[in-house]
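Chain U is fixed; fit chain L onto it per the hints.
There are 2 protein chains.
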Amino acid sequence: MTQPVFQTVCFVGIGLIGSSLARAMRKHGLARHFITLDISQAARKTAVELGVVDVATDNPAEAVAEADLVVIGAPVGATQAVGEAIGPHLKPGTIVTDVGSVKLAVIRDLMPLLPEGVHFVPGHPIAGTEHSGPENGFAELFEGRWNILTPLPGTNEAAVEKMAQLWRCIGSMVEVMDPHHHDKVLAITSHLPHLIAYTIVGTANDLEGHMQQEIIKFSASGFRDFTRIAASDPIMWRDVFLNNREAVLEVLQRFTEDLTALQRAIRWGEGEVLQKRFTETRAIRRAIIDAKQA
Amino acid sequence: MTQPVFQTVCFVGIGLIGSSLARAMRKHGLARHFITLDISQAARKTAVELGVVDVATDNPAEAVAEADLVVIGAPVGATQAVGEAIGPHLKPGTIVTDVGSVKLAVIRDLMPLLPEGVHFVPGHPIAGTEHSGPENGFAELFEGRWNILTPLPGTNEAAVEKMAQLWRCIGSMVEVMDPHHHDKVLAITSHLPHLIAYTIVGTANDLEGHMQQEIIKFSASGFRDFTRIAASDPIMWRDVFLNNREAVLEVLQRFTEDLTALQRAIRWGEGEVLQKRFTETRAIRRAIIDAKQA
Numbered sequence: 001m002t003q004p005v006f007q008t009v010c011f012v013g014i015g016l017i018g019s020s021l022a023r024a025m026r027k028h029g030l031a032r033h034f035i036t037l038d039i040s041q042a043a044r045k046t047a048v049e050l051g052v053v054d055v056a057t058d059n060p061a062e063a064v065a066e067a068d069l070v071v072i073g074a075p076v077g078a079t080q081a082v083g084e085a086i087g088p089h090l091k092p093g094t095i096v097t098d099v100g101s102v103k104l105a106v107i108r109d110l111m112p113l114l115p116e117g118v119h120f121v122p123g124h125p126i127a128g129t130e131h132s133g134p135e136n137g138f139a140e141l142f143e144g145r146w147n148i149l150t151p152l153p154g155t156n157e158a159a160v161e162k163m164a165q166l167w168r169c170i171g172s173m174v175e176v177m178d179p180h181h182h183d184k185v186l187a188i189t190s191h192l193p194h195l196i197a198y199t200i201v202g203t204a205n206d207l208e209g210h211m212q213q214e215i216i217k218f219s220a221s222g223f224r225d226f227t228r229i230a231a232s233d234p235i236m237w238r239d240v241f242l243n244n245r246e247a248v249l250e251v252l253q254r255f256t257e258d259l260t261a262l263q264r265a266i267r268w269g270e271g272e273v274l275q276k277r278f279t280e281t282r283a284i285r286r287a288i289i290d291a292k293q294a
Numbered sequence: 001m002t003q004p005v006f007q008t009v010c011f012v013g014i015g016l017i018g019s020s021l022a023r024a025m026r027k028h029g030l031a032r033h034f035i036t037l038d039i040s041q042a043a044r045k046t047a048v049e050l051g052v053v054d055v056a057t058d059n060p061a062e063a064v065a066e067a068d069l070v071v072i073g074a075p076v077g078a079t080q081a082v083g084e085a086i087g088p089h090l091k092p093g094t095i096v097t098d099v100g101s102v103k104l105a106v107i108r109d110l111m112p113l114l115p116e117g118v119h120f121v122p123g124h125p126i127a128g129t130e131h132s133g134p135e136n137g138f139a140e141l142f143e144g145r146w147n148i149l150t151p152l153p154g155t156n157e158a159a160v161e162k163m164a165q166l167w168r169c170i171g172s173m174v175e176v177m178d179p180h181h182h183d184k185v186l187a188i189t190s191h192l193p194h195l196i197a198y199t200i201v202g203t204a205n206d207l208e209g210h211m212q213q214e215i216i217k218f219s220a221s222g223f224r225d226f227t228r229i230a231a232s233d234p235i236m237w238r239d240v241f242l243n244n245r246e247a248v249l250e251v252l253q254r255f256t257e258d259l260t261a262l263q264r265a266i267r268w269g270e271g272e273v274l275q276k277r278f279t280e281t282r283a284i285r286r287a288i289i290d291a292k293q294a
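As given, the protein sequences belong to chains U and L, one line each in that order. By the working numbering, the letter at position 114 of the first sequence is numbered 114, and the numbering carries on one by one without gaps. By the working numbering, the letter at position 5 of the second sequence is numbered 5, and the numbering carries on one by one without gaps.
Only chain U is shown next, with the shape it has when bound in the complex (with noise of 0.2 Å):
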């Protein structure tokens, strides 16, 4: 396998996943020069104190102007702002990627953007921990994961190419889709799931002070594991319902219909649809574990 190697890679936004990236590039040799551009002082201090950069600046020219790969790992919310502060200062045959959760808003904010010459190649890694910010990055994060690649058709095929060896060297599989159907996979996959725990962590949240305390207790009866996804970054979060409504709205709404479904068994004691609709479940888990992605 070739490994494409940058001189220069510039991070917008140094969190756990840009950090993470950073990380697994300087390991494998993957770029000469690390550079990161980040709104927060804290994140930079990090950032070049760890090591995980050699600079870090608030200066978009600067941070991007030599830059040959922009990595923008920035909440999606973030992406015109990011777009804007860095269009006019990117050279033509530089790589831009993102790493966001959602693909037809980031598209559609960062295109009109970017100079003629520079190849814009969409991406989201599909890993992450409910930990957030540099400090918490890791070379191994990406490891043994799949990494979906949404090129717009007229898409430089060498920039795609490049970027997909890439995250093949750091240990991805690659999968390159539609970013229309993307967004509708990860709405089941990733943003309806965050949106169920999120809501049952803050049911539990607002019950009356005893009851809190008894909740933590009793937790490993099947709530802490809504707790670790409800612990996921909040803005981060925000920002992909906002920007990926319609998907979100669409599964939201078929899960309400089951919810109620299952609901209306509970109350009349139709004890075999509750058992039927159990049993089809574990089918799924069993696939997941023969994926290895369990």
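No lab work stands behind these hints, which were simulated from the structure alone.
All copies of an identical chain are treated as equivalent in the list; a pair is satisfied when it fits inside any one copy or across any two copies.
Straight-line Cα separation of at most 27 Å, DSSO-like style, residue types lysine-lysine; simulated pairs:
#1 Lys162 to Lys91
#2 Lys217 to Lys162
#3 Lys217 to Lys276
#4 Lys27 to Lys45
#5 Lys292 to Lys217
#6 Lys27 to Lys292
The model shown is predicted, which means the values in this text are computed figures rather than measured ones.
Same frame as chain U, but now just chain L:
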């Protein structure tokens, strides 16, 4: 700590929980003779072959006549049938306990069938995995986990204390609770999360074939955490919902209201509502980690 040693313990139902408790009691020398009463020939065969019990039978009289401890680990919907089968054969002084996830219904179904002089100490270990059957049990399942005992007013105190000691000996912490309160707490920490997980995995399962493949492939983005819970034993969970109906429907109503509020915020683009809610839920995760139940 005094070791509560029983002469003969009988496990009515030798599934994940029963077989784990049998292993733990054997490991810590808490009984001399181990018997199971199970309607499944396969389970009986496995339990004997693995040395989990010494004797396995489907004859209630043979199973419990000599027992000074009987542990009911059957689906809670089978409680009445279990009571009818074993009740006439229990000897005075025997302690009967159970491990069911609901307590009011078990007490309602079992108490009238127990003869005078038998001590019933209802219990619920907050531990488990998504795997079923005696082959999946292990002695360490209860270590560091809570066990909730819900004795009725007037229950022999020495029997309650003996059961508490037994659970402490195998590594659990013990909490004594009113059965009604138990059912309310578990409805939120356990029953609702399972219902939600079953629902979301079912919603995904109903999608067209090619979408299903992609959901499995990209499940690491949140969905897979739900599939683990939704792979739990269907009959056990059918019975939980049928036997804790009021408490489950009540928390489900709260959950649905909260979900509807977030759905509305997504539809109308109310980012601050989402961000506020997503921020509140982080604190609960932190509390669970601090309580060492993560």
